[in-house]
Amino acid sequence: MNTFRRIVTGALLCASLSALAADTHYTIAVIPKGTTHEFWKSIHAGAIKAQQELETKGFKIDLIWKGPLREDDRDQQIQVVENFISRHVNGIVLAPLDSQALVRPVASAAAAKVPVVIIDSGLKSDKYESFVATDNFKGGVLAGEEMGRLLDGKGNVILLRYAVGSNSTEEREAGFLEALKKFPGIKILSSDQHAGATRELAYQASQNLLNRFGREVNGIFVPCEPPTIAMAKALRDIGKAGGKVKLIGFDSGTQSVTDLKNGDVQALVVQSPVKMGYLGVMTVVDVLQGKTVSKRIDTGVVLVTPENMAQPDMQDLLHPPLEKYLK
Amino acid sequence: MRRLINILGPLLGLIFVIGLFSLSSEVRPYFLSGGNFKIILTQSVIVSIAALGMTMIIISGGIDLSVGATIALTSVIGAILLNHNFSPITAILLTMLAGGLVGLINGAVISGFKMMPFIVTLGTMGIARGAALWISGSQTVNMPETWVNKIMEQQNPDHFFPLPLGVWLTLMLAGTVAVLMRETAFGRYIFAMGGNELATRLSGVRVGLHKIFIYALAGLLFGLAGMMQLSRLTQGDPSGANGLELDIIAAVVIGGASLNGGVGSIPGALIGALIMAVLRNGTSQMGWPTYVQQIIIGLVIIMAVGLDKLRQKTR
Numbered sequence: 023m024n025t026f027r028r029i030v031t032g033a034l035l036c037a038s039l040s041a042l043a044a045d046t047h048y049t050i051a052v053i054p055k056g057t058t059h060e061f062w063k064s065i066h067a068g069a070i071k072a073q074q075e076l077e078t079k080g081f082k083i084d085l086i087w088k089g090p091l092r093e094d095d096r097d098q099q100i101q102v103v104e105n106f107i108s109r110h111v112n113g114i115v116l117a118p119l120d121s122q123a124l125v126r127p128v129a130s131a132a133a134a135k136v137p138v139v140i141i142d143s144g145l146k147s148d149k150y151e152s153f154v155a156t157d158n159f160k161g162g163v164l165a166g167e168e169m170g171r172l173l174d175g176k177g178n179v180i181l182l183r184y185a186v187g188s189n190s191t192e193e194r195e196a197g198f199l200e201a202l203k204k205f206p207g208i209k210i211l212s213s214d215q216h217a218g219a220t221r222e223l224a225y226q227a228s229q230n231l232l233n234r235f236g237r238e239v240n241g242i243f244v245p246c247e248p249p250t251i252a253m254a255k256a257l258r259d260i261g262k263a264g265g266k267v268k269l270i271g272f273d274s275g276t277q278s279v280t281d282l283k284n285g286d287v288q289a290l291v292v293q294s295p296v297k298m299g300y301l302g303v304m305t306v307v308d309v310l311q312g313k314t315v316s317k318r319i320d321t322g323v324v325l326v327t328p329e330n331m332a333q334p335d336m337q338d339l340l341h342p343p344l345e346k347y348l349k
Numbered sequence: 003m004r005r006l007i008n009i010l011g012p013l014l015g016l017i018f019v020i021g022l023f024s025l026s027s028e029v030r031p032y033f034l035s036g037g038n039f040k041i042i043l044t045q046s047v048i049v050s051i052a053a054l055g056m057t058m059i060i061i062s063g064g065i066d067l068s069v070g071a072t073i074a075l076t077s078v079i080g081a082i083l084l085n086h087n088f089s090p091i092t093a094i095l096l097t098m099l100a101g102g103l104v105g106l107i108n109g110a111v112i113s114g115f116k117m118m119p120f121i122v123t124l125g126t127m128g129i130a131r132g133a134a135l136w137i138s139g140s141q142t143v144n145m146p147e148t149w150v151n152k153i154m155e156q157q158n159p160d161h162f163f164p165l166p167l168g169v170w171l172t173l174m175l176a177g178t179v180a181v182l183m184r185e186t187a188f189g190r191y192i193f194a195m196g197g198n199e200l201a202t203r204l205s206g207v208r209v210g211l212h213k214i215f216i217y218a219l220a221g222l223l224f225g226l227a228g229m230m231q232l233s234r235l236t237q238g239d240p241s242g243a244n245g246l247e248l249d250i251i252a253a254v255v256i257g258g259a260s261l262n263g264g265v266g267s268i269p270g271a272l273i274g275a276l277i278m279a280v281l282r283n284g285t286s287q288m289g290w291p292t293y294v295q296q297i298i299i300g301l302v303i304i305m306a307v308g309l310d311k312l313r314q315k316t317r
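Sequences listed follow chains A and B, in order. Numbering follows the working numbering, in which position 109 of the first sequence is assigned residue number 131; successive positions increment by one, without gaps. Numbering follows the working numbering, in which position 81 of the second sequence is assigned residue number 83; successive positions increment by one, without gaps.
In case anyone wonders, no lab produced these hints; they're calculated from the structure. Keep in mind it's a predicted model, so treat the numbers as computed, not measured. Honestly, I wouldn't trust all of these hints.
Unchecked claim - BS3-like, lysine-lysine: derived pairs with alpha carbons at most 27 Å apart: (1) B:152 - A:149; (2) B:116 - A:135; (3) B:152 - A:146.
Only chain B is shown next, with the shape it has when bound in the complex (with noise of 0.2 Å):
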């Protein structure tokens, strides 16, 4: 019943976003389809893979500012092993295992030297943006057509369903993320962790192990989530997805979950996903400029967080 309760207020948010767009007669008949809704959904794909690793990390206590580097990176390595003849699927594994490389070296020194998340990934946002331009050429790499093109095209764009791939696989991995976060020892750890460190590691869990994992397990869906990338644009793209970490930053916090760790969930970091992807639709649909849409979706993030703060305050 509180977990129903904390993604509440989540939730009417994105009804809010939702009704907001729908009170224009004009618009509404286009916005409030079956057709448009897949698109927010796919439009939300590459968002909504990344924030459930973030969800994990924030959870614990930390933060990851190389995503949106990392996702560049991967997409780039995506487009390489594509163009060396590797078989779609050896392709996609080896693109999350570069992920999970660069979310193990996050951890292991975040975890080994004790340092800020904060910083180390920082400077990793940096490395892996320099290594996706280096090892491209600072080029976009272009690729065979395969099969990946397809994870994230739409068909039949008037009605909901067949919903393109990309699609089902976040549910499906939001599914077992959010199974593993509340059923399993790992999962209590990592809100464990986030509530209060010390008392973790004094009641004997290997907080500095678990810290690695956490980290690398959350880069193996940013490399799923750079492969969403790569076959969203057709093409490896080192310049992608810059400032990216924001955005899914955003959705974590929006729903519901505290930089300071120890809260959280992942559906609601997917409905914070949703509602940037609804407002960016719905502004462009009503024809508002972009920095309407900009200051909307800052108001919705201060917003989101004020309200947690009064939640709290009155239990």
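Pulled out of the complex, with its shape left as it was, chain A reads as follows (with noise of 0.2 Å):
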């Protein structure tokens, strides 16, 4: 028992001279919209290279990742933001659940000389340090112009939308829909059905709308990771699959790029959730050491078909190095 106790008192007066020793420490929240989906695994990932590169240069960096209870609660993340407010970390970076809704917490945060990082979707507020996403207008339009190619400019065309209030991807559809007007042929069948937050209610969107327009659809985008898997299941069963419909995904996880190669989603649309998730905690460090940073940082976004997926550079995009980092 005495033995025990000295142990733990030797450990703990270690754990408060190391925290005394080191005058950059820093303690940093990265909140997601949700844990489950691979997208944000990526993320993780990418926060946790960054925190091991900074431990090289001599920061000691606390990681607390920490999404909302329920997935897509705004009310949750808003109380995950408070309560490391109150904690006092010294920065966040944080995916915002709704670009109006985290308004008020994030301008506490700043009240509060809690310097805030914004990835991955935007938010209706100037009281954060630097956005760090990609360009997903862009990505958009990267879409629509291969829609267009695949189709030789004429066809008919379903948008399947995922959350309504979700920025990242509103802009994305944005962007698919300008890029389709340089296509007079290609006309759009449905463009105000929404998938839903879950790979259940996008699978059922999916086959409610194949349902209605199966048999005149030609192409089908959707942006983002489960409306893709749902939508190429969908158009398995209905045999229309491997490239019958052509399908243009967004953002890519193991099933995603299993369809991919198979032939039953012609292109992926790719970011690079790793870099943004490198980036943002990148970036908050800078800020708290002083640097002025960049008020918008492009993560970057690349398109992704069966022909150029054996590259390198693009395999690093399917498969990002997720074992390497979280263990």
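Put the two chains together into one complex, using the hints given.
In structure tokens:
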């Protein structure tokens, strides 16, 4: 018992001493929209990559990874942000669930002198330090142009939207529709349906849409991972997969990459969530170090097709080295 | 005195969870601060106000599963009213009435057709959620900046005071409902109905009518909780408060109420809501993953009810 107590006291002493010694010790909270999708795991991996790199430079970073209790619950995410402000973390990296609802908590953080870096989705505010994200509109344009090319500029197209109030996907949808304007021969059959947040909901929405438009449709665009997988599955169900209907998705996950390889998906617009998590943490540390950071940092998008997917740089995007960082 | 003993269990639970998060010397200075307890109180407002209504319903021997959906519906209604230039006071009153109407329907169907509350409110849960999506066009409803947004706003983050208006409102309402439950004939009927409905009916109480009252009154409170949700999100969210009914029922049960009816208390329910808010706040600050917090809340519910059974046996 005595030995045990001595060890505990020793450990506590060491912990407090090391905290005193390193004045570049930061506690940084990274708050995703959810924790189950592979996309968020890649962001997490990127954040850990930044942490490891910073530690070789003599920083000590405590990374707290914490999503809302129920995904898609705005109130829960607000609570998480508030709790970290009151915990006096040094910085927050946040992927806001809603561009409006998270405005006030981010303003509170600014008032409490906790710098916030926004990642992935935009926020209708200027109280953050930097917005590190994909240029989603550009991603949508890329998808629209590819759709025009695949269909030779004529045919019927469906846009299955993701969810209401999600800024990142709405930008992609807008970009896609904008790019299609250059192809007068393309008619849009449906662009007012939302897939919903889970794969199951997206599957149901896909089946419903295909039940209605399955005979006429030539091309489909979906703006993120869960509906990409769901739509490919729904297309297989009715025997329209494998290129009969051209499907362009967004983001990569294990299943959607398999679908791309098998030809059920014709193209994926891929962003770099690892880079987003990495730059999110790096940027917030730059702010804490007193460096000036750009208010908008673009993390880039590329179009991955079955033809170019074997290239090593594409492979890195499609199969982020998660195991290396997430143990 | 017996009343005091009844809330002793939940109170000890609250002290236990606060103690749990105070153990870590790194987190303690932040966790045990006035500013943080202001945050915890604010975060528990919605569940607390709804738990006041739910306590009445559960003590009377009923249950209401439609609360979460009603909160979403009324938050959307509130946002739409504000968009149509109703004054905030009018909007709040009309929103509460909308909640009351959902409750009135629940009560009338349960009482009129002698149906199980579980089934009826399971139905209205779907209806209210659907109605919320319908009138909002399945979109979040943004609204102009009014003092409604300030009800749940936390000023001066480093100090306990000033508390947001929503917290004061919760405390005042809790006092009112507690007095109503303890000191009026209506309150005693609620306990009696939950204890033994048949005996209460036979002794001349109009049980059916009182049931309608209980659900409608609780509905008014759910409407107010919806308004608090609106203030917090600064927008009406038709998909919000999803599954919140379970948090609310858990708060009431942790607070010592029995789902068989006849037993329960308003202070207990408030403490129950606080326990859950403290757990959420503490696990965030400790950096524990979300699933830990879900598991702990689950354990707390079972332990709270288990302790209650034990106490009843030894009495």
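Cross-check of the supplied hints:
1. B:152 - A:149: Roughly 19 Å separates the two Cα atoms, so the pair holds.
2. B:116 - A:135: Outside the cut-off at roughly 58 Å; violated.
3. B:152 - A:146: Roughly 18 Å separates the two Cα atoms, so the pair holds.
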